[in-house]
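Assemble the complex: chain L is given as a structure, and chain S must be docked to it using the hints.
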Amino acid sequence: MSRISTEEVKHVANLARLAVTEEEVEKFTQQLDKIISFAEQLNELDTENVEPTSHVLDMKNVMREDVPAKGLPREEVLKNAPEHENGQIKVPSIIE
Amino acid sequence: MSLFDQKLSTLQESLHKKEITVSDLVDESYKRIAQVEDKVQAFLTLDEERARQKAIELDQKLGTDDANGLLFGMPIGIKDNIVTRNLRTTAASKILENFDPIYDATVVQKLQAADSITIGKLNMDEFAMGSSTENSGFQKTKNPWNLETVPGGSSGGSAAAVAAGEVLFSLGSDTGGSIRQPASFCGVVGLKPTYGRVSRFGLIAFASSLDQIGPITRTVEDNAYLLQAISGLDAMDSTSANVDVPNFVQSLTGDVKGLKIAVPKEYLGEGVKEEVKQSVLDALKTLEKLGATWEEVSLPHSKYALATYYLLSSSEASANLARFDGVRYGYRSPNAENLMDLYKNTRAEGFGEEVKRRIMLGTFALSSGYYDAYYKKAQKVRTLIKQDFENIFAKYDVIVGPTTPTPAFKIGENTADPMTMYLNDILTIPVNLAGVPGISVPCGFSNGLPLGLQIIGKHFDESTVYRVAHAFEQATDFHKQKPQL
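Here the protein sequences come in this chain order: L and S. Counting in full-length UniProt numbering, the first sequence runs from 1 upward without gaps. Counting in full-length UniProt numbering, the second sequence runs from 1 upward without gaps.
No wet-lab data here; the hints were simulated from the structure. Computed from a predicted model, the values in this text were never measured in an experiment. Think of the CB as a built atom: it goes at the ideal place given N, C-alpha and C, for glycine as much as any other residue. Among the hints, erroneous ones may be present.
Said to hold, decoys possible - Label-pair restraints from in silico Cβ distances: (1) N247(S) <-> V77(L): 39 to 45 Å; (2) K285(S) <-> N61(L): 46 to 52 Å; (3) F38(L) <-> K260(S): 47 to 53 Å; (4) E26(L) <-> D341(S): 21 to 27 Å; (5) L147(S) <-> I95(L): 53 to 59 Å; (6) F38(L) <-> K94(S): 55 to 61 Å; (7) K94(S) <-> M59(L): 35 to 41 Å; (8) E51(L) <-> R323(S): 28 to 34 Å; (9) M59(L) <-> T10(S): 35 to 41 Å.
Excised from the complex, chain S in its bound form:
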């Protein structure tokens, strides 16, 4: 029995009744890490001394009016592409191996304001480019449900740490599925918020028009609490949206009567495994019993999403990653006589293979003579994909389908050909291109590996997404199962 089998509200009640202390919660984290981390390898950096110190400070607040932070005392892990002041931040890249940020990301400031406790920084695919965390420059994180399989990616460390009970919850980032896909593979709840809901200030940029930070948790309710704490307009991110942040937890009414669900036929088509389809059809039955209705619809441009995504995200990445030049911070090649060699060798030695491949693709797509044919074309198709969603959301409340075409695959299985790896994200990528919110919640198992149900909502309507996810979760017990480690 782990303290983290309980949800945030229960833990906070126990804190206020003085049945447990914040130090107990931090102990739980580091004890579990000591037990399982050599198998799971989710963390790149731990912050134990400061976490324990902070726990002592918070314990002194217990019983006073100051113990009212939304995330008071809750141990959290943070994906390593989110900068943390004076705590090493690498984006899992050799090029940032010793990078010691001089500021906190806005989400980190918000976590501190809510009195959560940072346990450490979590492994990922280098610069968030990948779907298995195998592209980390440092280590391969394992799926807690089966150590021979990947945890998904790019937020593989964030999902595995939550599934393994090393932290209560974590932050990930999602550019084409990087929160939802690992959440699905690891049997936890992961939400990509609406583009603009959460500030990206201090998120090491991959593809700026697609990136969003979001919560990974055991339960939908905890997910709603964590999103509440990190949402909102930020003067430091001009793409963060000036919209009200509703009370997400209040939306968890359990009531989905009359809810209209759209199920795109493209999401249950070719390439999607039979057991995955079956789990989604079973989930729809559950939602029907709760009073929702569903109909099959079409998102006709879905098949073009993958190509659109790789052109746009790689183009944006090639520009964003130009800053890593060995001059102001990060790795610098010792093998350089002049400045040009310094740039070229630093980048050649510091970046991993997948990152280089995407920089090459993006540079090509943006280069003179090819810009209109590839980059601009992809931006136009993005409009068509976005319109697909608008058309459906004119008539339906949410879109439901699988999060991934298959359960977690074996380590090494998809590394030979980049294109097979990319196919993992075909069901999550359109959501980023349209900028809408999407969640993955556990909806079954296949040979002991978790499956995820994806629920997609309208712009800034995370409340409905959460309401549906929560009603489904409460009607099933998939989220109560835990991996044996």
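Extracted from the complex, chain L is given alone in its bound form:
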């Protein structure tokens, strides 16, 4: 049985904001199915009482001094923007 359907792949592609062709959907369905079924070997392990590790070092809530600093100059920020106008980044219309 397939672990992931073409419909789910399309849903995930939408969540990931990736345009996909029908051909890619087919390929990703097969490949992800294979990778996910490989990953399911983790179910062999009983992890009921195991704490998850999100970070290997024992540190939390790292703070720095709250000192005001200058922001980036506008020209620098806009230097890599694909399109800008009047000192602002331009995008296509958001509301139809």
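Quick look at chain S alone, frame taken from chain L:
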């Protein structure tokens, strides 16, 4: 004979005696690049004009007290996922093809403070996702030992450039083996530091809980110098560790008497080629002669590391790569009527296939209904893998095994099935999951292709890792051999 056949300390001595100049060293780099780069294709961008200018400035400092930078005058290459101000940085992705960073990564600032000279930016798998550098959006780097084979990856350009003598040394990054595996394939020395040892500020993020920047060099001693220069706490990276940075070079005593080595049976098991096993067993004999002892141990959760890694690293990548949306920087699709299309088409046109596959896997593993079954499960198994290492390090000083199951493979050999490519990293991935340091040093050859010995240490104990690697290196001559190009 190349100037880069000499180590950093010898070169600096020659500089101070005025036998050579910094300009000679920079010349050496660009001359070699002119000779071999069409075959090796390690560089994505060169910075020749500024490098030569900097060399002239440094040459003026020679003979004064200002010529005391730790890396004074040394030509370095930088992996192209480390941002360099006003020097194109692409992460080998079309989506960043024309990206011109407005700041320097912390490691780059440190290199400048140490007076090294940046020669150029090095090719890699796109966003560091891959094990062969074949996933670069721009070019395929070749292994200098055999141009039909891959240099490894993802820091393939960084390892190949050092092996080919194009730079004295380089920086790479390692998320699941991306420094150690190419170092092994190219017959050079590559270290992944302890997670938190080196600031990640300015490293284009792949999997933030695993990524570390580290040095690739010809010798262990040079590796220690380069790590010294880039290590330390950084206010700009809250995951960088507030621990002392020891003098790594001082740890290279050559003495490994009484050292206790653990050799995990899982690292010499199925899938590991016979000649690779043999080279590790020979290396253990060498270390025994030097006074170390070794015993076989077990890291019982090793077989689960690969699945754990792909779930966690892809999940983190799917979040990190959300920033590439065609709005503030990078490629923007011309085929978009509205904002949603702009996001989707920009990403579809800008990312390569492997990157998309991992974004898809990560998004799936984090999506509603699957999060506990995949992502959280993998985080729990990560704890078990980390505990495996803690158990061994309670009794032993280092863990030793091969860096990779096989020597370098042919270009195109593993591209058809993503899973076969992933298997390359089974011996390096657990080290990232546990956050401990690991090095690869040359330990033999198979059909003219280099093999690497992996030495793994305790958290923040790079000193012991270096001491063992250096003692082994000094007792062997694998590191003295060079590819014929």
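Violations among the numbered hints, reported as their numbers in ascending order: 3, 6
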